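Enquirer: One letter stands for each residue in the lines below.
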Amino acid sequence: MNKINSAEKTRIKAQKKKVGFFQNYWRNRYLVLLLLPAVVYFLIFCYGPMPGIIMAFKNYSFRLGILKSPWIGFANFKLLFSMKSFGEVFGNTLIISLYKILAGFPAPIIFALLLNEVRQERFKKTIQTISYLPHFVSWVVLGGLFMQFLSPSTGPINVVLKSLGLDPVFFLGDVNWFRSVLVSTAVWKGFGWGSIVYLASISSISPTLYEAADMDGAGRFSKMWNITLPEMIPVITIMLIFSVGGIVGDDFDQIFNLYNEAVYSVGDVLGTYIYRMGLIDMKYSLSTAVGLFRNVISFALVIFANMVAKRINEYGIW
Amino acid sequence: MASLLKRRTKGDVIFDTINGIFMILLCFSTLYPFLFLLFQSFGNSATISLLPTTFKITAYISVIKNSYVWSGFVNTIMRTVVGTVLSVIVTMCAAYALSKRTFPNRGFWTGLIVFTMFFSGGLIPSYLLMRSLGLYNSFWSMILPSLCSAYNLTIMRNFFMGIPGELEESAKIDGANDIKIMFQIIVPVSLPIIATIGLWNAVGHWNAWFDCMIYITEARKQVLQLILRRIVIEGTSQYMSFTGNLDDGTYTTEAVKAATTMVATLPILAVYPFVQKYFVKGVMIGSLKG
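Line order of the protein sequences matches chains A and B.
Okay, so the first sequence: first residue is 0 according to numbering that gives the first Met the number 0, each after it adds one.
Okay, so the second sequence: first residue is 0 according to numbering that gives the first Met the number 0, each after it adds one.
No wet-lab data here; the hints were simulated from the structure.
In this text the structure is predicted, and so the values were computed from the model without any measurement.
Take the hints with a grain of salt, since some may be wrong.
To give a feel for the contact side, a few chain B residues facing chain A, derived at Cβ under 7 Å [as the list claims (entries may be wrong)]:
1. Leu24
2. Cys26
3. Ser44
4. Val89
5. Pro103
6. Pro124
Don't be surprised by glycine CBs; every beta carbon is placed ideally from N, CA and C.
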């Protein structure tokens, strides 16, 4: 059997090979035409900037342009690693991402579990609609919103603090509070939208499992703990692995719209650092070096995350 | 059946009550900041009350009279409509082509696109490329760089791959070409996913500001989100217009900022509940098949 099969396979292969390279494309010319705009886009706008990365190893000057600027090897990186601000920024990026995972990762899971216990369909739908809402509002709007909401003079939280006889807190300007603000506003914005994946996995759990538990007289909590949560583990694992994979990809929009010079020491991250260094201070080479540093780490982390995910339950993203 | 007939125990009642209260509190904490902003825009300040005590629309009048808000609105609508239509068409066509197993070197082309999800040239190389392409200060600098997302393309391709091949058979026998088949047979059965990708794109364009900030320096060409950022976050007075005297106490800078934010957010808040279900669909499809 096997021999015939493999013989057949080689024949098919040979047949396929008879069709020439260009002939094969000609046969599919309409499909090629459909793919063409996207390929042109990706080549120009995604691959086009990539050669510019060599700037990280050059001393870029406006007069000479990218190609003619002199090569300086790893000098930009040596300079970076000796800079105090770079260490601080890299540390901030890791710490803020880690806090966001610690607080932001369990939130949508707990929310999905509790929402699943709501019996009235209309109530459930309303909660879902409301909880997804902040996901669609930009960080520009939310930045302005939280600047007023957390204001030491007029914000409601400080109004309450003051009425209790406590000192008002300048949440967005205080190095002790800024990271907490970043984490809590990120959780506030994302917990609802993040729960969709988990709700989908809950809805695919077989009802027979619950019926069996009912026979055994299991209560609500025990069913949640012993059936729903364990059934969600594969999805939870994947999501956790990928959130660890994205640890150096900071939320530029959020931090850029909330931070100010007073909190740079705790809130400045790679994304904002790259932007200010490149487009404000015009240090193109150095900024490109930081960008490359971040891209390489994040690429390695994603590849690693995918490998782990595939090993655990044969479910990678490609 | 057993589970349906089972009566609710005392424990169930307590659990449901506490859970319900918790959910209501959660919804409240999601909505309260927006409510606070609304009250502030009507001239209420330093208050935690749930009902506005004053109701002045002076701040809104000054927003309406601000020509930057109007030009921002027009630019935002333009980029949202043009950007979304082009993105959906390009993404859909490419996704259909790559969903066909017969496509030559399919793996290579898919890999070429997927790779861009994980690696990019970075900020400065992209910025210099855009300048050398002559897109600086051009409307197209807000459309072209985000024309097609590899992630959306993958989701759409997965959806197309799930459509049974028999649907296309009869059209093929009639001698229709792939482009015709896509528009006449595939598009009608894929409307939900097209709507989802379209809405994601539209929200992305409506909320985008960074590309506009770095590529467009002429104030009249800037989008609403950027104007909003200038007014609310940077407090640039050049972009604000005040009617009457700020110092006479009729309204405050805070109220103007709040009113501008409300005006910029209202379109999303108004449309959102009606299209919400489409937003969710893509996440489901994306999560089912990676």
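Enquirer: Take the hints in turn and mark each one as holding or not.
Expert: Verification of the supplied hints:
1. Leu24: violated (11 Å)
2. Cys26: holds (5 Å)
3. Ser44: holds (5 Å)
4. Val89: Val89/B check passes; min Cβ-Cβ to chain A is 5 Å, inside 7 Å.
5. Pro103: With Cβ-Cβ at 4 Å, under 7 Å, it holds.
6. Pro124: Nearest chain A Cβ about 3 Å off; hint holds.
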